[in-house]
Amino acid sequence: MSTPDTRDDLLIFERSHAGRRAMAQAPKALPAERLAAIPDSLRRRARPALPEVSELQVVRHYTNLSSKNFAIDKQFYPLGSCTMKYNPRGANRAAMLPGFLGRHPLAPESHSQGYLACLYELQEFLKEVTGMKGVSLTPMAGAQGEFAGVAMIRAYHEARNDQGRTEILIPEAAHGTNPATAVMCGYTVREVPVNRDGDVDLEALKAACGPQTAGLMMTNPSTCGVFERQIDAIAKTVHEAGGLLYYDGANLNAILGKVRPGDMGFDVIHMNLHKTFATPHGGGGPGAGPVGVSERLKPFLPTPIVGRDGDRYRWLDRNDLPQSIGQLSAFMGNAGVLLRAYFYARVLGREGMIRVGEYSTLAANYLLKRLEAVGCTAAYPERRASHEFLLTFAKEAKTLGVSAMDIAKRLLDYNQHAPTTYFPLLVPECFLIEPTETETKEALDAFVDAMAAILAEAKNDPELLKGAPWSQPVRRLDDVKAARELDLVWRE
Amino acid sequence: MPYIPHTPDDVQAMLAAIGAERIEDLFDEIPEHLKAGRLDALPEGLSEMEVTALMARRASQDAGALCFLGAGAYEHHIPAAVWEIATRGEFYTAYTPYQAEASQGTLQTIYEFQTLMARLTGMDVSNASVYDGASGLSEAVLMALRANRKSKSGRVLMPQAVNPRYRQAVQDICVNQGVELVSVSLDRDSGTTLPAALSAHEGEDYAALVIAQPNFFGCLEDVHALTDWAHARGMLVIAVVNPTALALLTPPGEWGTEGADIVVGEGQPLGVPLSSGGPYFGFMCCKQKHVRQMPGRIIGRTVDLEGRPGFTLTLQAREQHIRRSKATSNICTNQGLAMTAATIYMSLLGPEGLENVAAHCHANTRDLVAALTALDGVSEAFTAPTFHEAVLRLPRPAAEVLPALAARGIIGGYDLGRDDPALADCVLVCATETRTAEDISAYAAALAAVLAEEAA
Numbered sequence: 024m025s026t027p028d029t030r031d032d033l034l035i036f037e038r039s040h041a042g043r044r045a046m047a048q049a050p051k052a053l054p055a056e057r058l059a060a061i062p063d064s065l066r067r068r069a070r071p072a073l074p075e076v077s078e079l080q081v082v083r084h085y086t087n088l089s090s091k092n093f094a095i096d097k098q099f100y101p102l103g104s105c106t107m108k109y110n111p112r113g114a115n116r117a118a119m120l121p122g123f124l125g126r127h128p129l130a131p132e133s134h135s136q137g138y139l140a141c142l143y144e145l146q147e148f149l150k151e152v153t154g155m156k157g158v159s160l161t162p163m164a165g166a167q168g169e170f171a172g173v174a175m176i177r178a179y180h181e182a183r184n185d186q187g188r189t190e191i192l193i194p195e196a197a198h199g200t201n202p203a204t205a206v207m208c209g210y211t212v213r214e215v216p217v218n219r220d221g222d223v224d225l226e227a228l229k230a231a232c233g234p235q236t237a238g239l240m241m242t243n244p245s246t247c248g249v250f251e252r253q254i255d256a257i258a259k260t261v262h263e264a265g266g267l268l269y270y271d272g273a274n275l276n277a278i279l280g281k282v283r284p285g286d287m288g289f290d291v292i293h294m295n296l297h298k299t300f301a302t303p304h305g306g307g308g309p310g311a312g313p314v315g316v317s318e319r320l321k322p323f324l325p326t327p328i329v330g331r332d333g334d335r336y337r338w339l340d341r342n343d344l345p346q347s348i349g350q351l352s353a354f355m356g357n358a359g360v361l362l363r364a365y366f367y368a369r370v371l372g373r374e375g376m377i378r379v380g381e382y383s384t385l386a387a388n389y390l391l392k393r394l395e396a397v398g399c400t401a402a403y404p405e406r407r408a409s410h411e412f413l414l415t416f417a418k419e420a421k422t423l424g425v426s427a428m429d430i431a432k433r434l435l436d437y438n439q440h441a442p443t444t445y446f447p448l449l450v451p452e453c454f455l456i457e458p459t460e461t462e463t464k465e466a467l468d469a470f471v472d473a474m475a476a477i478l479a480e481a482k483n484d485p486e487l488l489k490g491a492p493w494s495q496p497v498r499r500l501d502d503v504k505a506a507r508e509l510d511l512v513w514r515e
Numbered sequence: 194m195p196y197i198p199h200t201p202d203d204v205q206a207m208l209a210a211i212g213a214e215r216i217e218d219l220f221d222e223i224p225e226h227l228k229a230g231r232l233d234a235l236p237e238g239l240s241e242m243e244v245t246a247l248m249a250r251r252a253s254q255d256a257g258a259l260c261f262l263g264a265g266a267y268e269h270h271i272p273a274a275v276w277e278i279a280t281r282g283e284f285y286t287a288y289t290p291y292q293a294e295a296s297q298g299t300l301q302t303i304y305e306f307q308t309l310m311a312r313l314t315g316m317d318v319s320n321a322s323v324y325d326g327a328s329g330l331s332e333a334v335l336m337a338l339r340a341n342r343k344s345k346s347g348r349v350l351m352p353q354a355v356n357p358r359y360r361q362a363v364q365d366i367c368v369n370q371g372v373e374l375v376s377v378s379l380d381r382d383s384g385t386t387l388p389a390a391l392s393a394h395e396g397e398d399y400a401a402l403v404i405a406q407p408n409f410f411g412c413l414e415d416v417h418a419l420t421d422w423a424h425a426r427g428m429l430v431i432a433v434v435n436p437t438a439l440a441l442l443t444p445p446g447e448w449g450t451e452g453a454d455i456v457v458g459e460g461q462p463l464g465v466p467l468s469s470g471g472p473y474f475g476f477m478c479c480k481q482k483h484v485r486q487m488p489g490r491i492i493g494r495t496v497d498l499e500g501r502p503g504f505t506l507t508l509q510a511r512e513q514h515i516r517r518s519k520a521t522s523n524i525c526t527n528q529g530l531a532m533t534a535a536t537i538y539m540s541l542l543g544p545e546g547l548e549n550v551a552a553h554c555h556a557n558t559r560d561l562v563a564a565l566t567a568l569d570g571v572s573e574a575f576t577a578p579t580f581h582e583a584v585l586r587l588p589r590p591a592a593e594v595l596p597a598l599a600a601r602g603i604i605g606g607y608d609l610g611r612d613d614p615a616l617a618d619c620v621l622v623c624a625t626e627t628r629t630a631e632d633i634s635a636y637a638a639a640l641a642a643v644l645a646e647e648a649a
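In order, the protein sequence lines correspond to chains R and W. Read in order, the letters of the first sequence are residues 24 to 515 in this note's numbering. Read in order, the letters of the second sequence are residues 194 to 649 in this note's numbering.
Some hints could be false.
Stated by the list, open to error - Computed cross-link-like contacts, SDA-like style, restricted to lysine to any residue with a CA-CA straight-line distance of at most 20 angstroms:
| hint | chain 1 | residue 1 | chain 2 | residue 2 |
| --- | --- | --- | --- | --- |
| 1 | R | K150 | W | L232 |
| 2 | R | K392 | W | I216 |
| 3 | W | K519 | R | L449 |
| 4 | R | K97 | W | Y291 |
Stated by the list, open to error - Distance windows between CB atoms, simulated:
| hint | chain 1 | residue 1 | chain 2 | residue 2 | range |
| --- | --- | --- | --- | --- | --- |
| 5 | R | Q253 | W | S378 | 51 to 61 angstroms |
| 6 | R | P404 | W | M194 | 22 to 32 angstroms |
| 7 | R | E318 | W | S253 | 34 to 44 angstroms |
Since the hints were derived computationally from the structure, they do not count as laboratory data. The beta carbon of each residue, even a glycine, is placed where N, CA and C say it ideally should be.
From just these sequences and the hints, can you work out the full model?
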């Protein structure tokens, strides 16, 4: 006989029993006449088929589901370009203080001074660590920050009546959000090749720049895990062509406190606070993607921004910034994420910020050297790692028939989250590995041990890799069937 | 070193393995003149205790007022279990579920969320959330332009009855792609969008009509007539709905003869705290035939090597990390954790619980309107039936009355004069299930006092 409550492979809908309810949670039913003002023609005919379950069933169901996840709180999670560092619990508690949670987004400034003070200070901190002249906190994720940044580039050229700048240049190793963003802002994309050493092909960039160039989007360190050494020449080339320089802050963790994008000549940047400032990824979000700008782009920042008059804080909106690219959300973005980042910045302070870049770089270079020592192949062996680095398993794929994906899946069996795989696309069979500054040396060593063991398995028993994972709630999933026979909602 | 575990011995051992003497040597590829000096504008670091105390002082500074604001964000009771579970480290500190086998918890939760939203809206499919309601409407407008291949104009009909903050965000986000939003006027008696207002656009090419239910003023639109009008003219229908209201109101999938084509809205009422405007989440549902035009992550149910059911990201060929410049949107990170909270919330409330919440919101707002319109000079501005917000006309400008109320500890609503000078004496009020009869009496007493003062 089945005991559905203790089986952990059911959907919440399969636990439903007609007439059951979590009675403590909703107010009692009202007499029908209290709803008489709503015309019948606009009333729902049947209640939505939400599950009918008890409170304990819900708690048990989602607690059991949560246990099927890898998470930073459980495992080493070296996802390149994702900066899976420790998410301080203190930040969560501070952001969830009742006074912050209960504040309505449109509450008057008289009832918002505490909140606005935190945001104002965060704006100032972000300006200092990036070397930019103005910051807006409103973008709700990295991609929306990118959108705001490129929209500002567009607004800048339009305000100068500089017509004909229709193209955004993007190195071929860039994140997919970069070209997608450029298109959302009405631009066409031209890709710039990358040299064998991971730096941009400067001659190709020079040839690509011209009166059609609106700007260049790049990360530094790049997605190849190395610092772009020609950044001065790149900035000069783009600026001389009349274009602006966009900094994708996905890899800001590498240089926090060491190099500032503003000093490298970037005109506009976005930051991923859910990476660099330790706010949680939450299984896919929320993030926060504030943007910073140089002096000439300040008038175009998205609204609202927190301003200060004497000891009073107030919102600056379109009335204050008539050239703003405008509003990206209904209110002011992911406030709760910003408060977590504020907490983090206050705990770290001046010295702590500088340590982020130093120790994330130390961890990456250590891990790279140790992995090379056990037989892994670096994609750019002659280069320093930044806060992350690329390995390539092209040799193993050719000689042993095991792919980077097989190795990634086998890592799960060793209780290690897989690094980013198959990105960037220009390095075959690659892992992008980012250990972050918050992992112990023991955690890094355990990862090396796992990789060494897996490379041995690849030679001796490759089926162990090709069938992996073996230890997870499910084996490898049929993605082709998922896309061909779409099953996106449960039907009884 | 906060959050950095290395001892001096660790550092030495790591540097030795690298073959470097100092950490600074690891930055030797960076041109010297680019290196930052000191970050002098940053304060010294503080302990968790000190920062918590500082933030607690600031949080309490903002608390305490009695709030009757809605206008797109609504205070509801949130069961304790919702965030206790959502902030478990296994949900809170997981990444996007790209490694499906190690993310079945998140993936199944999203699949359940998609199912819940499809059932609530009466639509075929849902995605895994977008940033918020306003940015979600922008994505819906761009999606409608892709999906409606017969329309060539790049124009969409956007009624004045839609939340002005949404209209502004859609304008600001879509303007870069040459999209034109054409306004449909508001009927100033009923507070709704009338077919007569649409007839001014007869014979023109539009890709879609946006319909908000309830609309920004809390009024209920005749969604059936509006939907049929649009479909008869080859337009798609984009519904913007409040999810709590859907427990009582016709789901968009049943609007008119064919139902809405794309449904979006602000998910915050489903268990997400007000929190100054975010993180919230936008939900997005559509008819099956449009699913390949939908932006954002989508989860599918499939089987593993042994035939057991499991969940995975699917239709990724729509997305930026695969399609790059040809993707449906640049969206990558979404609002996963808020969506997880909403899934738990809907499961806890169930069909009857959510209906009761909606009913109490409606009844409390009617009680609030009755209590306030009993005062001299205060009347309801519009005649249409409402859900859980209503517009009150005051004898004085809202911009004068609301600060006076705030000084008495009452946040009295939204000043409609901010967006429309013709409504400068109007305030949008809301009373959800969390407002009691005593709260409503307190508002009425404060308003009476404020109006008496001003009259004196």
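Going through the hints against the structure:
| no. | hint | result |
| --- | --- | --- |
| 1 | R:K150 <-> W:L232 | holds, 10 angstroms |
| 2 | R:K392 <-> W:I216 | holds, 15 angstroms |
| 3 | W:K519 <-> R:L449 | holds, 19 angstroms |
| 4 | R:K97 <-> W:Y291 | holds, 17 angstroms |
| 5 | R:Q253 <-> W:S378: 51 to 61 angstroms | holds, 57 angstroms |
| 6 | R:P404 <-> W:M194: 22 to 32 angstroms | holds, 30 angstroms |
| 7 | R:E318 <-> W:S253: 34 to 44 angstroms | holds, 38 angstroms |
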